[in-house]
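K.L.:
Here is how the chains run, residue by residue.
There are 2 protein chains.
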Amino acid sequence: MTLLDGKATSLAIQEELRLEVLERLKIGQDRPHLAAIIVGDDPASRAYVGHKIKACERVGFDSSLIELPLNIREDELIREVEALNNDVNVDGFIVQLPLPEHMNEQTILQAIHPDKDVDGFHPIHAGNLSLGLPSFIPATPAGIIELLERYDIQTSGKHAVIIGRSSIVGTPLALLLSRNASRGNCTVTLCHSRTQDLPSITRQADILIAAIGKPHFVTGDMIKPGAVVIDVGINRILDDSKKSGSRLTGDVDYQDAMQVASAITPVPGGVGPMTIAMLLKSTLQASA
Amino acid sequence: MTLLDGKATSLAIQEELRLEVLERLKIGQDRPHLAAIIVGDDPASRAYVGHKIKACERVGFDSSLIELPLNIREDELIREVEALNNDVNVDGFIVQLPLPEHMNEQTILQAIHPDKDVDGFHPIHAGNLSLGLPSFIPATPAGIIELLERYDIQTSGKHAVIIGRSSIVGTPLALLLSRNASRGNCTVTLCHSRTQDLPSITRQADILIAAIGKPHFVTGDMIKPGAVVIDVGINRILDDSKKSGSRLTGDVDYQDAMQVASAITPVPGGVGPMTIAMLLKSTLQASA
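Protein chains in written order, with our numbering: chain G, 1 to 288; chain U, 1 to 288.
Check the hints yourself; a few may be wrong.
Same chains, same names: a pair is fine if it fits in one copy or spans any two.
Within a straight-line C-alpha distance of at most 25 Å, the following computed SDA-like cross-link-like pairs (lysine to any residue) qualify [stated by the list, open to error]: (1) 242 x 256; (2) 224 x 69; (3) 54 x 221; (4) 214 x 132; (5) 243 x 23; (6) 214 x 28; (7) 158 x 221; (8) 224 x 96; (9) 158 x 182; (10) 26 x 156; (11) 158 x 239; (12) 158 x 206; (13) 7 x 100; (14) 224 x 194.
Hints listed in this document are in silico derivations from the structure and should not be mistaken for laboratory results.
Chain G extracted, bound-state conformation (with noise of 0.2 Å):
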């Protein structure tokens, strides 16, 4: 069974980030600039923004950290997006995911200039990759297909089964594995709430993709064996065996499908490490 290590492959692209960001200053150009706009100070957030600053900061990157309070108004926060778009010392910037409910999530990601849109949310991206267009990716199913890449695992002619039609995962992943191209070309089959007798369709997975949210959803009698599982997931579970009382666990019962998968991603450890040095690429490649 491989353990497929996201945690590592995402330090080695960020390593591999930090010597290309050497090789352009030595030829003159500039650091690439990441700016992160948070509103209100979800603690969860909060982490994942620290992440990607904390990371900008390994690879060279200079980066800024906009933060807004939670009662800003739509209009006020729409300035400060376009404020970073006319800032031409900005490469590209992300607005934090989730907004406060008197925000349309839409109305501001659609703000974007989609030159700086590093998390690929704008409709022009997404559009793009449903064309086979170049485009920037969501960070998620970018990380997912990298680390496919990394790994060498063949997808042509593969059965991808997905679970989860999310517009940021499942969905952009499945066009990602069917298009033709590099660790595409697979059949794709994405489930969802509604499908019915989801296992046996899981069943039919060589590459099997869980990005529903819910912890330990898939056991191992829905994995074919041999099956590659990525795992999506990120929930909390109470754990009393640790200090604070809690764990990150996945979608997937890990032990039991480590007896039936070929290779599989821990959670925490697999896709998560990896959408951060998409991120960065993306940045990397804005900056260009």
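Please arrange chain U on chain G, whose structure you already have, making use of the hints.
P.N.:
This is chain U only, laid out in the frame that chain G set:
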């Protein structure tokens, strides 16, 4: 076995549109106006455009046909597109495909203003579709959804298998059938030329869509008893019994399939006529 009569359904929709135009005229609004650009004189393309113009007349839309020579330069064609973008009398327009080989189709399609892009080929529409946002939807997948709607075919929880991943049929149809909406909520499997053991997958389909352009590719043994079969193929094959020496046929072996399926679209007279109705519907929407 139910014959899914696209021709009759298309005419019924066109009659609804005709009445809606009359209502609009009564309250002092203009007739919707569809324009079409055609480059060169390919007979099939001319016939398709001719059908569209004739359908405009039938429902009371204004229409314009802009005929351009085969050797027109790309920048000249773009100027024609921009003229239509800026023409306040034109609500929507199409550029008939395929374009001559010296043109980059994407460059032309992306020059069409999204508000007038009633074919829905612009990346912004593909993106909005992928994200579940309102958009113009390419006529063929839209016509299939409409046909399912008109025949009250339930889709929620059903397994839809699509053969063919093109950006104008298979891929957008996969997005439409999988999204959380009316005539959506299917488990969707997208198959293509790299798919292995295709019959074992198509035999699982409650709804089977063939969009590959290979005459009689789908045989009866590939169809689950009781399945709904949608045939998108329009292939011209030799037929000595016809005066012309040829006839149109679909991707499905119709005689074979009608023994097994619960419902099926004929070719011609199935999906084809629906595309015209959907183009008119989009034009009406563009004019609102």
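K.L.:
Flag every earlier hint the structure violates by its number, smallest first.
P.N.:
2, 3, 5, 6, 8, 10, 11, 13
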